[in-house]
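Participant: Sequence:
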Amino acid sequence: MKYSYFSTSFITLTNVNYYAIIITIMLHILCIPISSSLHPIVLVPGSGGNQLEARLTAKYKPSSLICRAYPGPLHKDKDGWYRIWFDASVLLAPYTKCFAERMMLHYDPVSDDYFNAPGVETRVPHFGSTQSLSYLDPNLKLISGYMAPLVESLEEIGYIESKTLFGASYDFRYGLAPEGRSCHVGSKYLQDLKDLIENASAVNGGKPVVIISHSLGGLFVHQLLLRNTLSWREKYIKHFIALSTPWGGTIQEMLTFASGYTLGVPLVKPLLVREEQRSSESNLWLMPCPRIFGHSKSLVITPNANYTAKDIPKFLADIGFSQGVYPYKTRVLPMVEKLTAPKVPITCIIGSGVDTPETLFYDDKGFDKQPSIIWGDGDGTVNLLSLLAVQSEWMNEKNQPLKIININGVSHTSVLSDHRSLDQILEVVSEVNSDVLESNCLINGGKLKNV
1 MKYSYFSTSF ITLTNVNYYA IIITIMLHIL CIPISSSLHP IVLVPGSGGN
51 QLEARLTAKY KPSSLICRAY PGPLHKDKDG WYRIWFDASV LLAPYTKCFA
101 ERMMLHYDPV SDDYFNAPGV ETRVPHFGST QSLSYLDPNL KLISGYMAPL
151 VESLEEIGYI ESKTLFGASY DFRYGLAPEG RSCHVGSKYL QDLKDLIENA
201 SAVNGGKPVV IISHSLGGLF VHQLLLRNTL SWREKYIKHF IALSTPWGGT
251 IQEMLTFASG YTLGVPLVKP LLVREEQRSS ESNLWLMPCP RIFGHSKSLV
301 ITPNANYTAK DIPKFLADIG FSQGVYPYKT RVLPMVEKLT APKVPITCII
351 GSGVDTPETL FYDDKGFDKQ PSIIWGDGDG TVNLLSLLAV QSEWMNEKNQ
401 PLKIININGV SHTSVLSDHR SLDQILEVVS EVNSDVLESN CLINGGKLKN
451 V
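So in the working numbering, the last one in the sequence shown is 451, and the numbering has no gaps at all.
Source of the hints: derived by calculation from the structure; they are not laboratory data.
Careful: at least some of the hints might be erroneous.
To be verified - Cβ-Cβ distance ranges computed for the label pairs, FRET-style:
#	residue 1	residue 2	range
1	Leu263	Lys76	51 to 57 Å
2	Asp435	Leu271	28 to 34 Å
3	Asp79	His184	19 to 25 Å
4	Gln191	Ala305	40 to 46 Å
5	Glu198	Ser63	42 to 48 Å
6	Leu272	Gly206	33 to 39 Å
7	Glu155	Lys398	35 to 41 Å
8	Leu140	Gly206	39 to 45 Å
Every value quoted in this text rests on a predicted model; they were computed, and no experiment measured them.
Yeah, the Cβ is synthetic: ideal placement off N, Cα and C, and Gly gets one too.
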């Protein structure tokens, strides 16, 4: 069992003794940390990583009688709200279309912002709690678990829901825009996240916060840090643990825009959800970044044209989504042209050794058909080049503590449940709280030893 560690000082360790890590964590657990003495943790999920609720108004125009009746009154509360994500019924074709048309976003070039589909209101339940991100469907916990294993692991070492452990759910369809451009949903989320961090610190004696993000959530956290002063970061952020962060986007996103992507769910046809996926502001943000993927390597190959990361505008137009070109150029590119170090301690935990789309080949049947794929290294979703982007970008950056832990065979989502990655997360959290844990060990007659 091997882990690879990278740091800005190029220290590389392999064959870390797994059992030594386990013993260390067990010692920490036995020390019985006092919850109020721990650095509070805020969890930030990735795309699709928390529940969303919707309500239909008189302006909603269903595309079919099925959509008019869906969902039934038993699935709604007294005010008409129901859980739109996640509900297993969306896997059935008649309802998939209803789901997709309600999840659609619309970009308004006049106001330069994104909005819900007409007649659809949405809200994020349980902000501040881990409830919304532990299980996507509380009625189907066996198949909808998301951050539950991580939450349970943190609770085992003394963290308590809504006291030292918090969740920052959000409407993951929306993204962010450069400062100065309209972005009503994303900007509000950053303010809510900032307020949650400050409140979590305040109720824990002013202790700075540990942020643990997954996937897209890491990009939101990165932007939050950059958009606040260094003095604010130093006061409120103890450590940033970034899991599976797509720092430079993903090639798989080009597949999503071109042909639709169903996460391997066999019952759902990709073309049924393609339009909805194209409309997502955050999906556009995840396109492969030219700075990371370069200007020469062809990522998509067709009989008529090849596309590199710098060709995304032409790619969007050629697949029939020309309305995405302007927001990509004006809202996405300015945010990804530079990967600025936030000057807070960061640990990136990533997976590798999992087949990940590297090159997409389309034949003369066009983009409505799924492509042939050449696979490369990554976590199954994000390319290794993107996962490791911060290593090359920040290796010589002053005042930027950085460690990258690469675990072979851990996928993009299993990083939240695989015992190897959970052990590493707990190890980092324990190190952050080492002064607290050590004092509690002494109280309990134990002795803490760094392994």
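Participant: Hint by hint, say whether it matches the structure.
Facilitator: To see whether the hints hold, each was checked on the structure:
1. Leu263 with Lys76: 51 to 57 Å: Violated: the Cβ-Cβ distance is about 27 Å, outside 51 to 57 Å.
2. Asp435 with Leu271: 28 to 34 Å: violated, 55 Å
3. Asp79 with His184: 19 to 25 Å: Distance hint for aspartate 79, histidine 184 holds at roughly 23 Å.
4. Gln191 with Ala305: 40 to 46 Å: holds, 42 Å
5. Glu198 with Ser63: 42 to 48 Å: holds, 44 Å
6. Leu272 with Gly206: 33 to 39 Å: violated, 50 Å
7. Glu155 with Lys398: 35 to 41 Å: For lysine 398 against glutamate 155, whose Cβ atoms are near 37 Å apart, the range 35 to 41 Å holds.
8. Leu140 with Gly206: 39 to 45 Å: Taking Cβ atoms as reference, leucine 140 and glycine 206 lie about 40 Å apart, which means the hint holds.
Hint violations for this structure: numbers 1, 2 and 6, all remaining hints satisfied.
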